[in-house]
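Number of protein chains: 2
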Amino acid sequence: MKANAETISLKHVTITDDFWKGKIELAKDVIIPYQWDALNDNIPGAAPSHAIENFRIAAGLTDDECKGMVFQDSDLAKWLEAASYSLIYNYDPELEKTVDGVIDLIGKAQQKDGYLNTYFTVKEPEKRWQDVCHGHELYCAGHMIEAAVAFYEATKKDSLLKIVIKYVDYIMTVIGSDEGKLKTYPGHPELELALVKLYEVTGEEKYFDLMVYFIEERGKQPSVFLKESSLGLANNDKWFNLDYHQAHVSLDEQDTAEGHAVRAVYLYAGMADLVKYTNSEKWKTRLEILWENVVENRMYITGGIGSQGHGERFTLDYDLPNNVAYAETCASIGLVFWAQRMLQIEPKQTYGDVMEKALYNGVLSGMSLDGKKYFYVNPLEMVPEVADYRHDHQHVDSERVGWFGCACCPPNIARLLTSLGTYIYTQNEDTIYTHLYVGNQTSFHIKDQQVILTQKTNYPWSGKVSMSMQLERSDTFTLAFRQPVWSKNIKVMLNGTKVATDTVKNGYVYLSQQWHHQDEVTIEFDMTIHMVRSNPKVRENAGKIALQRGPVVYCLEEVDNGKDLHAVKINPDSQMTVMNSPSDLGSIPAIQGTGVKESTSPSELYMFDQKPDEDKIEWQAIPYCYWGNRGKGEMMVWLREIDRN
Amino acid sequence: MKANAETISLKHVTITDDFWKGKIELAKDVIIPYQWDALNDNIPGAAPSHAIENFRIAAGLTDDECKGMVFQDSDLAKWLEAASYSLIYNYDPELEKTVDGVIDLIGKAQQKDGYLNTYFTVKEPEKRWQDVCHGHELYCAGHMIEAAVAFYEATKKDSLLKIVIKYVDYIMTVIGSDEGKLKTYPGHPELELALVKLYEVTGEEKYFDLMVYFIEERGKQPSVFLKESSLGLANNDKWFNLDYHQAHVSLDEQDTAEGHAVRAVYLYAGMADLVKYTNSEKWKTRLEILWENVVENRMYITGGIGSQGHGERFTLDYDLPNNVAYAETCASIGLVFWAQRMLQIEPKQTYGDVMEKALYNGVLSGMSLDGKKYFYVNPLEMVPEVADYRHDHQHVDSERVGWFGCACCPPNIARLLTSLGTYIYTQNEDTIYTHLYVGNQTSFHIKDQQVILTQKTNYPWSGKVSMSMQLERSDTFTLAFRQPVWSKNIKVMLNGTKVATDTVKNGYVYLSQQWHHQDEVTIEFDMTIHMVRSNPKVRENAGKIALQRGPVVYCLEEVDNGKDLHAVKINPDSQMTVMNSPSDLGSIPAIQGTGVKESTSPSELYMFDQKPDEDKIEWQAIPYCYWGNRGKGEMMVWLREIDRN
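Protein sequences, first through last, are from chains A and B.
For the record, in the first sequence the residue sitting at position 28 is 28 according to the working numbering, with numbers rising by one throughout.
For the record, in the second sequence the residue sitting at position 188 is 833 according to the working numbering, with numbers rising by one throughout.
Source of the hints: derived by calculation from the structure; they are not laboratory data.
Hints may be right or wrong, so weigh each one.
Within a straight-line C-alpha distance of at most 16 Å, the following computed EDC-like cross-link-like pairs (lysine to aspartate or glutamate) qualify [stated by the list, open to error]:
| # | chain 1 | residue 1 | chain 2 | residue 2 |
| --- | --- | --- | --- | --- |
| 1 | A | 611 | B | 1218 |
| 2 | A | 162 | A | 100 |
| 3 | A | 238 | B | 1033 |
| 4 | A | 464 | A | 18 |
| 5 | A | 183 | A | 228 |
| 6 | A | 227 | A | 131 |
| 7 | A | 238 | B | 1030 |
| 8 | B | 1256 | A | 573 |
| 9 | B | 1256 | A | 643 |
| 10 | B | 1133 | A | 609 |
| 11 | A | 123 | A | 64 |
| 12 | B | 1136 | B | 1165 |
| 13 | B | 811 | B | 758 |
| 14 | A | 488 | B | 1254 |
| 15 | A | 498 | A | 520 |
| 16 | B | 1208 | A | 317 |
| 17 | A | 611 | B | 1288 |
| 18 | B | 1208 | A | 319 |
| 19 | B | 802 | B | 749 |
| 20 | A | 282 | A | 253 |
| 21 | B | 929 | B | 898 |
| 22 | B | 883 | A | 388 |
| 23 | A | 488 | A | 526 |
| 24 | B | 757 | B | 814 |
| 25 | A | 563 | A | 615 |
| 26 | B | 883 | A | 385 |
| 27 | A | 563 | B | 962 |
| 28 | A | 197 | A | 158 |
| 29 | B | 1101 | B | 1164 |
| 30 | A | 563 | B | 964 |
Model the full assembly from the supplied sequences, consistent with the hints where possible.
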């Protein structure tokens, strides 16, 4: 099977720009070592992870009690995956040695029949496969496969790969369409996309076929999940019902994104992998329907998804409250995964745009600038007193917390950052597609030669991008690149001469010609500050605007603009200027403009026939993903505007 | 002891106007009989109350199992109180016979020592007085006292009075300041104000003193409640902590209204009774501080209080979300109780205004026009799909429910409606104060004669009120009446001749003169439609207006204005007209005006630099308390306005 377009192996990409390089190095220098300590319960004052200890118990090396969540193994797996990518990015023999040691331990924890899950090995062995819906056995298997594939790519060592192959081969004796096997599928999707990676690295179609089985089986009624013991209980809560698991109807009848947002987008990423290799029209159409629903009905402007804390889930079309948003960091990461795979099916502006939107806003907001603190939940509006007080804001933190207190988002950010190189390009026989603008140097094998493409840019702050080529010989192929939806105009030069950009398809500009060594294409996107308004169906944004420049969504913070940000009205018709941000954020573009602020001094709660006094103000907005780095305070993305209609 | 001003006994008031008479008759004809069936578990399909059955068990007449909430007895007590008022309003020998029978049963359920509580008599006798914080023994005692006093007033029969006196005398052997007694106070305030009623009817100061003890003892630290067994658990939930019970600090150190809203205002009503009889400056000042906090910081424009479902409680100043409001019907009723008592301390516009505001808006919205369905929770904004779906809207019903499904608000409305006559006036030696404008005929004993005052009005729809007097002889005294804050101008005529209204104090107009038989005062309030705006500190109402005419707050409903009410912008500068409401609401004034509505047809979720199209519209608003009587649909009180600044 062959995909329409392939991603580029991480080994061939070197990221060079200031913006991303710093973050990737944070992952290497801060997150990965710190997480290692956490997994080993070596962080004083932090809740112990138990993850490594559980493997030691399962391996028979100690006889402590297995502790932690049922999905604790996946924390180690995600760490292994991030560590493996990091080895590619920046080889470190000590880290490799550590990883080798862990893999050895994992091998010892694997059961003779291939089973690999510390919780059900040690704590509740009688419940193995008894609750596939909630047991997370298949979820943990998926993360372990992703780790194995990453480690294999990094080192060509198949130590972990052998372990997971043995495990999956065992799983296939338990689950599947054959008589006597369990007809089930992952309660938390993840194994689907992992099986595709396993297929890609082994060439064994049976892994791909198992993934297809999961997709086809999902949601058939009466649900296999209802026959399991524990769902009866969860079933009493409508937000944790079958749709929480995307299992309420067959997947090919699902028109709207329902349930737990991370589960949903991991699943859709797996479905996209299916289409990538099979060109299935049925599933392609299904994905387009679901994409449209997520992106045009249920996504925050930041690329955040899941607008309810309870169930961490999707709710209803246009139901996007800003203050009680969930918008889990992991869900935006999953959206990036999904978008990346959609781009391999068909390069379309919406996929690249949303990937970029999620990356620069909803994902990066999850991490503090020093890489040490995290948001799980990414609201678009913050009043700390309210978030800290109100019961319906319980899920919202008013400040980022030390990442060790929780186990899912930090390593997910780490594995995304350390593998960012695979999101920039895809290619097929004769076309190199650029989806993200990131300073990097990448080598492509195209038309029987190695092409080295060097991208230089100060993106996302600048719209200027140069792409220069090193060729072994001149040849004809196509460079395609995404024109972001926010850039109405685009200026393209080839070796200093303006070129026409009339070959645009689905938002991608195609330059097909004979290329020569040292050709340089420069692109200039329009970095105008946009006043974004929501579809008027979005109740919470009625009468409000958000500021966006390039892919970056801005916000107002209390530290720059005082309290009561809801009393500020932006003047959308006045000149707005881009200026250097406050120095404690580094020298990044802030936006300054004028407006008014209602006086909050009147003492009456209700006033008859009287408008509040307004003072003229200057306001300053900073990138949303930088919020919360200067202490606790109010923050607001959707701003009231002076209405001149 | 003598109060500054006394209420008028219900026996001397006959309500005659269309607006209230119909509602009081609903109470008599619908609510009271229906509730009786409910208390006897005779409503097919409804959850059984068990209340009467529990008394039969406690009386030894049957040996079933005691069921229902720990405070189930109070449902019967509230019914007895409402039934007693109804006997005054409209004597019914059958109803009196029923009440006599129930009182006989209650007497049999009373223990030899005087104890009277079916739950702790039958179900957990060993826990008597073990958990005063949550046990509701004192709360139920309070309601039984109120019933006893009401029945005595209605019939002069002291059968229930004797029972509660025996109970309270027993309580005083258990709780109090003496050595060896429990130093505690009600977890749910209610007994406080009931003890004052008992004092008023018996003249026994020991009951008043017990109330004072409860007020003085409340909130002393370390809290007696923390020594009880069950609060440890509740204590883990910050919204059910000591402040939930107004027990976090001594009451005379409480500057803000905290905790469960019903508990709070019942307590404040008791405190006001204390001041009424003692003129205590300390407690008067405390009440003024708390009143100011509630009314100027924590009250919805409807007189709803309690802006969080979890804990049914107060939250923070200016934290007044409209869609997830709690604004329990009972809390608005409690606010009426409190205001009524503040008026007896000192007639001030704010007390009368808030009493009226709560009555015409937050209380009446609790009941359907046919008197058969109820809201516990009174949101100021409704999108049914959202309320029915979102977890953080769980406490909000999108439609009123049959009142039998829940036990607290319906009988509370019933007892308020049937006793409305006591809220209209107060008097002292030489002044009759009019606080509410309600058609009625009332007799006062003033200056050694009986004065009959006949109030005629079509209030709240009309601002015209006439008050005519029947006197035995001409005499000098004062008629004082409230000038509502919403009426900037006021026209007063005496026997057809305009009189000066320059003697105004605290928002009350004082007419002191010699009055003659058949004198008629007519008052005309200004019924201009007001555009009300919130203090700009209220986040949820920023840029919005509410419509108010007279005391009545208006709202838009979907049935009149289509869906997506958030897309409507009112033109506050255009002419608004008062017209007859849709016929299915009866012939009441609706408000019509013009504005625009944003087109909700665009399909993109986010639009760059583009304003939504707007269509000119006419809209129609109806009184908030009438909403939800024409099927399920959107509703909105706070409306966006076209901003001409």
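Consistency of the hints with the structure:
Distance restraint check for residue 611(A) and residue 1218(B): the Cα-Cα separation of roughly 12 Å lies within the 16 Å cut-off, and the hinted pair is therefore satisfied. Our distance criterion of 16 Å between C-alpha atoms is met by residue 162(A) and residue 100(A), whose separation comes to about 13 Å. A distance of roughly 11 Å separates the Cα atoms of residue 238(A) and residue 1033(B); the hinted pair therefore holds under the 16 Å criterion. A distance of roughly 15 Å separates the Cα atoms of residue 464(A) and residue 18(A); the hinted pair therefore holds under the 16 Å criterion.
Only pairs whose Cα atoms come within 16 Å are accepted, and residue 183(A) paired with residue 228(A) is accepted, the gap being roughly 12 Å. The hinted pair formed by residue 227(A) and residue 131(A) meets the criterion: a straight-line CA distance of about 9 Å does not exceed 16 Å. Restraint check for residue 238(A) and residue 1030(B): the C-alpha separation of about 14 Å stays at or below 16 Å, so the hint holds. A distance of roughly 12 Å separates the Cα atoms of residue 1256(B) and residue 573(A); the hinted pair therefore holds under the 16 Å criterion.
With a CA separation close to 10 Å, the supplied pair residue 1256(B) and residue 643(A) stays within the 16 Å bound. For the proposed pair residue 1133(B) and residue 609(A), the alpha carbon gap of about 11 Å is at most 16 Å, so the pair holds. Between the alpha carbons of residue 123(A) and residue 64(A) the distance comes to roughly 11 Å, so the proposed pair stays at or under 16 Å and holds. Our distance criterion of 16 Å between C-alpha atoms is met by residue 1136(B) and residue 1165(B), whose separation comes to about 14 Å.
A hinted pair counts as satisfied when its Cα atoms are at most 16 Å apart, and residue 811(B) with residue 758(B) qualifies at roughly 8 Å. Taking the CA atoms of residue 488(A) and residue 1254(B), the gap is about 11 Å. The hint holds against a cut of 16 Å. At roughly 12 Å between alpha-carbon atoms, residue 498(A) and residue 520(A) fall within 16 Å of each other, so this suggested pair holds. Proposed proximity of residue 1208(B) and residue 317(A) is supported: the alpha carbons are some 15 Å apart, at most 16 Å.
Simply put, residue 611(A) and residue 1288(B) have alpha-carbon atoms about 10 Å apart, close enough for the 16 Å limit, and the pair holds. Distance restraint check for residue 1208(B) and residue 319(A): the Cα-Cα separation of roughly 15 Å lies within the 16 Å cut-off, and the hinted pair is therefore satisfied. Distance check on the hinted pair: residue 802(B) and residue 749(B) sit about 12 Å apart at the alpha-carbon level, within 16 Å; holds. Between residue 282(A) and residue 253(A) the CA atoms are separated by roughly 11 Å; this keeps the pair inside 16 Å, and the hint holds.
About 13 Å separates the Cα atoms of residue 929(B) and residue 898(B), which keeps this hinted pair within 16 Å; it holds. This hinted pair checks out: residue 883(B) and residue 388(A) have alpha carbons roughly 11 Å apart, not beyond 16 Å. Annotation: proposed proximity of residue 488(A) to residue 526(A) holds, straight-line Cα distance about 7 Å (limit 16 Å). A threshold of 16 Å between alpha carbons decides the hint, and for residue 757(B) with residue 814(B) the separation of about 12 Å falls inside it, so the pair holds.
Proposed proximity of residue 563(A) and residue 615(A) is supported: the alpha carbons are some 14 Å apart, at most 16 Å. This hinted pair checks out: residue 883(B) and residue 385(A) have alpha carbons roughly 14 Å apart, not beyond 16 Å. For the proposed pair residue 563(A) and residue 962(B), the alpha carbon gap of about 15 Å is at most 16 Å, so the pair holds. Of the supplied pair hints, the one linking residue 197(A) and residue 158(A) holds, its CA atoms being roughly 14 Å apart against a limit of 16 Å.
A threshold of 16 Å between alpha carbons decides the hint, and for residue 1101(B) with residue 1164(B) the separation of about 14 Å falls inside it, so the pair holds. For a cut-off of 16 Å, the pair hint linking residue 563(A) to residue 964(B) stands: about 15 Å separates their Cα positions.
Comparing the model with each numbered hint stated earlier shows that all of them hold.
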